[in-house]
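*Asks:* One-letter residues, chain by chain:
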Amino acid sequence: MIPLSHIIIFSLIIFTIGMVGALSRRNVFIVLMSIELMLNAVNIALIGVSSAMGNLIGQVLAIFIITVAAGEAAVGLAIVVALYRNRLTVNVDAINLLKW
Amino acid sequence: MMINAWDVVFFFLAGLILLSALGVVFIRHPVYSALSLLANLCVTAILYLSLMGAPFIAMVQIIVYAGAIMVFFLFVIMLMNLSKGEYQERAVPWRLLLGLGAAALFAFQIFILAGEWRGVLSPGAGGFGVKALSHFIFTRYILAFELVSVLIFVAALGAVALAKKKL
Amino acid sequence: MTQELVLVVIKMIVVFAVALLVVAYLTYFERKIIGHMQLRLGPMRVGPHGLLQPIADGLKLFVKEDIVPHDSDRWTFYFAPILNLVCALVLLAVIPFSYNFMVTRLNIGVLYILSLASVGTIALLLAGWSSGSKYPILGGLRSAAQIFSYEIFLGFSIMGVLMISGSLDLVKIVEAQSKVWNIVYQPVAFVVYIIAALGELNRTPFDLPEAETELVAGFHTEYSGFKFAYFFLAEYANMIIVSCMAVILFLGGWKGPVLPGIVWFLIKMCAFFYFFIWVRATFPRYRYDQFMRIGWKIMLPVTLANILVTGIVMMLV
Numbered sequence: 004m005i006p007l008s009h010i011i012i013f014s015l016i017i018f019t020i021g022m023v024g025a026l027s028r029r030n031v032f033i034v035l036m037s038i039e040l041m042l043n044a045v046n047i048a049l050i051g052v053s054s055a056m057g058n059l060i061g062q063v064l065a066i067f068i069i070t071v072a073a074g075e076a077a078v079g080l081a082i083v084v085a086l087y088r089n090r091l092t093v094n095v096d097a098i099n100l101l102k103w
Numbered sequence: 002m003m004i005n006a007w008d009v010v011f012f013f014l015a016g017l018i019l020l021s022a023l024g025v026v027f028i029r030h031p032v033y034s035a036l037s038l039l040a041n042l043c044v045t046a047i048l049y050l051s052l053m054g055a056p057f058i059a060m061v062q063i064i065v066y067a068g069a070i071m072v073f074f075l076f077v078i079m080l081m082n083l084s085k086g087e088y089q090e091r092a093v094p095w096r097l098l099l100g101l102g103a104a105a106l107f108a109f110q111i112f113i114l115a116g117e118w119r120g121v122l123s124p125g126a127g128g129f130g131v132k133a134l135s136h137f138i139f140t141r142y143i144l145a146f147e148l149v150s151v152l153i154f155v156a157a158l159g160a161v162a163l164a165k166k167k168l
Numbered sequence: 006m007t008q009e010l011v012l013v014v015i016k017m018i019v020v021f022a023v024a025l026l027v028v029a030y031l032t033y034f035e036r037k038i039i040g041h042m043q044l045r046l047g048p049m050r051v052g053p054h055g056l057l058q059p060i061a062d063g064l065k066l067f068v069k070e071d072i073v074p075h076d077s078d079r080w081t082f083y084f085a086p087i088l089n090l091v092c093a094l095v096l097l098a099v100i101p102f103s104y105n106f107m108v109t110r111l112n113i114g115v116l117y118i119l120s121l122a123s124v125g126t127i128a129l130l131l132a133g134w135s136s137g138s139k140y141p142i143l144g145g146l147r148s149a150a151q152i153f154s155y156e157i158f159l160g161f162s163i164m165g166v167l168m169i170s171g172s173l174d175l176v177k178i179v180e181a182q183s184k185v186w187n188i189v190y191q192p193v194a195f196v197v198y199i200i201a202a203l204g205e206l207n208r209t210p211f212d213l214p215e216a217e218t219e220l221v222a223g224f225h226t227e228y229s230g231f232k233f234a235y236f237f238l239a240e241y242a243n244m245i246i247v248s249c250m251a252v253i254l255f256l257g258g259w260k261g262p263v264l265p266g267i268v269w270f271l272i273k274m275c276a277f278f279y280f281f282i283w284v285r286a287t288f289p290r291y292r293y294d295q296f297m298r299i300g301w302k303i304m305l306p307v308t309l310a311n312i313l314v315t316g317i318v319m320m321l322v
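As they're listed, the protein sequences go chains R, S and P. Each residue of the first sequence is one higher than the one before, counting from 4 in this note's numbering. Each residue of the second sequence is one higher than the one before, counting from 2 in this note's numbering. Each residue of the third sequence is one higher than the one before, counting from 6 in this note's numbering.
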């Protein structure tokens with residue numbers, strides 16, 4: 004018997020860690036991976052709620068989130084490849100053409 | 002207070018997930034970071050399987066995240082195969098501020114979300130089968146399902162268009 | 006409770022010990038059969054007809070010097086073969102060898118096998134990258150791309166069978182074939198499954214990651230001693246898994262007249278090994294672009310059409 008609030012707080016902790024990573028790291032790969040981590044934290048909360056409430060809506064949403072995460076990774080990595088080809092860097096700080 | 006076996010399982014898995022999540026964010030080298038994320042996703046799948054009665058999601062999590070997304074990541078990281086010097090990052094200047102901000106955000110989230118959840122997870126009660134889940138997806142959420150499939154198709158096309166040198 | 010636990014542990018030990026022994030002797034049979042197909046004798050020196058050859062090989066690998074290249078990434082270099090072998094052996098836990106001989110019965114057995122097989126890909130990538138030289142990394146990237154794309158057809162070819170039997174449980178899939186084997190209903194899927202399995206296993210018409218004329222030995226070029234043995238064992242363990250899956254999904258598992266179930270299962274499985282070895286002795290290697298073109302331009306449409314036709318027929322009948 005695990006109270007649902009444990010799961011929610013746990014997923015919030017993971018979400019915060021992912022957010023810190025996405026904001027503070029400068030390597031594109033790690034920024035993308037931190038975003039995956041945040042999506043995963045949301046999944047934990049959704050499936051926990053679905054399991055505790057005894058209905059399936061949370062699981063359906065989790066499947067959609069996993070699908071969107073796959074699409075995000077594919078497009079994100081394609082952007083990284085294109086970026087590396089043009090600027091020869093994977094550092095977010097060096098990508099500042101639109102900044103002035 | 003009696004210590005329940007399921008509690009032990011939960012705290013053990015939660016500890017592993019937490020450690021590997023910290024690893025993703027704080028390890029310098031992207032390959033190790035990706036391995037940490039891989040561990041994180043696999044342990045999360047075990048959490049779904051053992052405590053939350055969601056075997057289908059657990060397996061989909063491993064197939065899609067560990068088998069596809071992490072292979073993408075490692076593939077691209079290894080394709081570039083950067084030398085050690087190129088991974089050097091400038092240290093974040095306002096580290097304290099960032100930590101405080103994260104703590105504030107966390108407190109805010111807790112303030113909004115915690116306290117209202119009355120539910121209890123009871124593992125071992127047997128979850129939902131794959132049949133119930135697929136019935137749900139293919140009747141009530143059929144439109145969302147079709148839209149997501151269009152989305153993933155567009156994402157695949159977009160990825161090809163972006164990564165190809167010239168079309 | 007404790008009795009059940011002991012039974013499970015015994016089953017585990019039996020399955021894994023037998024599997025490792027079978028894997029060792031598979032290498033012997035492969036060399037022997039290919040030898041005879043090429044009018045040679047194969048291994049003859051160690052023991053009668055070379056029967057002790059696998060043991061000698063194992064001993065040799067065990068006492069060899071364990072070389073770690075200077076440029077390698079030490080931890081990953083050690084971790085990759087372990088991950089590969091574990092991902093291969095763990096799959097044996099859900100294979101039902103007969104109606105009641107299996108380590109554990111999962112109601113999502115097919116998904117379990119697909120998911121852990123896909124984690125094995127990462128081990129090959131890591132092995133290639135951590136070796137820190139060019140041929141392994143090229144081999145690793147190739148094998149990842151290859152396994153990654155052929156996994157899709159493998160999954161799609163299984164889909165028709167799952168639709169017919171209406172379950173992800175391997176035991177129920179076999180039970181659904183008590184009258185007619187699935188190969189009768191799904192011949193196209195069966196052919197696609199075999200081709201995809203050859204691609205997935207890096208076996209001969211598609212052994213591009215290990216193409217010795219281009220890449221020395223692919224991702225395990227720098228591996229020696231027991232770490233190399235891990236890759237070797239994992240490759241043959243994967244062969245066992247793929248054959249078991251083919252038997253369960255298409256050839257009716259343990260079903261068969263007169264003989265007990267497990268014997269039928271093993272006979273069918275051995276027929277599959279023989280087929281794989283036969284293919285290796287017969288076909289030349291494909292070029293990489295040809296290989297990818299076959300996969301994406303022929304196999305994918307064929308499997309999708311197969312699923313569509315299966316669905317339509319199931320709706321009408």
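Everything labelled a hint here was simulated from the structure, so no lab data went into it. Just so we're clear, the structure is a prediction, and the values are computed from it rather than from any experiment. The C-beta atom is built at its ideal place from N, Cα and C for all residues, glycine as well. It is possible that some hints are incorrect.
Calculated cross-link-like contacts (lysine to aspartate or glutamate; reagent style EDC-like; alpha-carbon spacing at most 20 Å) [unchecked claim]:
| # | chain 1 | residue 1 | chain 2 | residue 2 |
| --- | --- | --- | --- | --- |
| 1 | S | Lys-165 | R | Asp-96 |
| 2 | P | Lys-65 | P | Glu-9 |
| 3 | S | Lys-132 | P | Asp-174 |
| 4 | S | Lys-165 | P | Asp-294 |
| 5 | S | Lys-132 | S | Glu-147 |
| 6 | S | Lys-132 | P | Asp-294 |
| 7 | S | Lys-166 | P | Asp-294 |
Taking CB as the label site, the calculated pair distances span [claimed, not checked]:
| # | chain 1 | residue 1 | chain 2 | residue 2 | range |
| --- | --- | --- | --- | --- | --- |
| 8 | S | Leu-158 | R | Tyr-87 | 18 to 26 Å |
| 9 | S | Ala-105 | P | Gly-171 | 35 to 43 Å |
| 10 | S | Leu-144 | P | Arg-110 | 32 to 40 Å |
| 11 | S | Leu-148 | P | Gly-171 | 43 to 51 Å |
| 12 | S | Leu-158 | R | Lys-102 | 25 to 33 Å |
| 13 | P | Ala-22 | R | Arg-88 | 33 to 41 Å |
| 14 | R | Tyr-87 | S | Ser-51 | 37 to 45 Å |
*Asks:* None of the hints should be skipped; say for each whether it holds.
*Replies:* Now the hints, each set against the structure:
Restraint check for S/Lys-165 and R/Asp-96: not satisfied, since their Cα atoms lie roughly 25 Å apart, outside the 20 Å limit. The suggested pairing of P/Lys-65 with P/Glu-9 is violated, with an alpha-carbon distance near 39 Å, which exceeds 20 Å. At roughly 12 Å between alpha-carbon atoms, S/Lys-132 and P/Asp-174 fall within 20 Å of each other, so this suggested pair holds. Between S/Lys-165 and P/Asp-294 the alpha-carbon distance is near 16 Å, which keeps this suggested pair within the 20 Å criterion.
The hinted pair formed by S/Lys-132 and S/Glu-147 meets the criterion: a straight-line CA distance of about 19 Å does not exceed 20 Å. Proposed proximity of S/Lys-132 and P/Asp-294 is contradicted: the alpha carbons are some 40 Å apart, above 20 Å. Annotation: proposed proximity of S/Lys-166 to P/Asp-294 holds, straight-line Cα distance about 18 Å (limit 20 Å). Take S/Leu-158 and R/Tyr-87: their Cβ atoms lie about 21 Å apart, and the range 18 to 26 Å holds.
A hinted range of 35 to 43 Å for the beta carbons of S/Ala-105 and P/Gly-171 is inconsistent with their spacing of about 52 Å. For the pair S/Leu-144 and P/Arg-110, the supplied restraint of 32 to 40 Å holds, since their beta-carbon distance comes to about 36 Å. At about 27 Å, the CB distance of S/Leu-148 to P/Gly-171 disagrees with the hint of 43 to 51 Å. Evaluation of the 25 to 33 Å hint for S/Leu-158 and R/Lys-102 yields a pass: the beta carbon distance comes to about 29 Å.
Against the hinted window of 33 to 41 Å, the Cβ-Cβ separation of P/Ala-22 and R/Arg-88 comes to about 51 Å, which falls outside the hint. Our hint of 37 to 45 Å for R/Tyr-87 and S/Ser-51 holds, since their Cβ atoms are close to 40 Å apart.
Violated hints, listed in ascending order, are 1, 2, 6, 9, 11, 13; each of the other numbered hints is respected by the structure.
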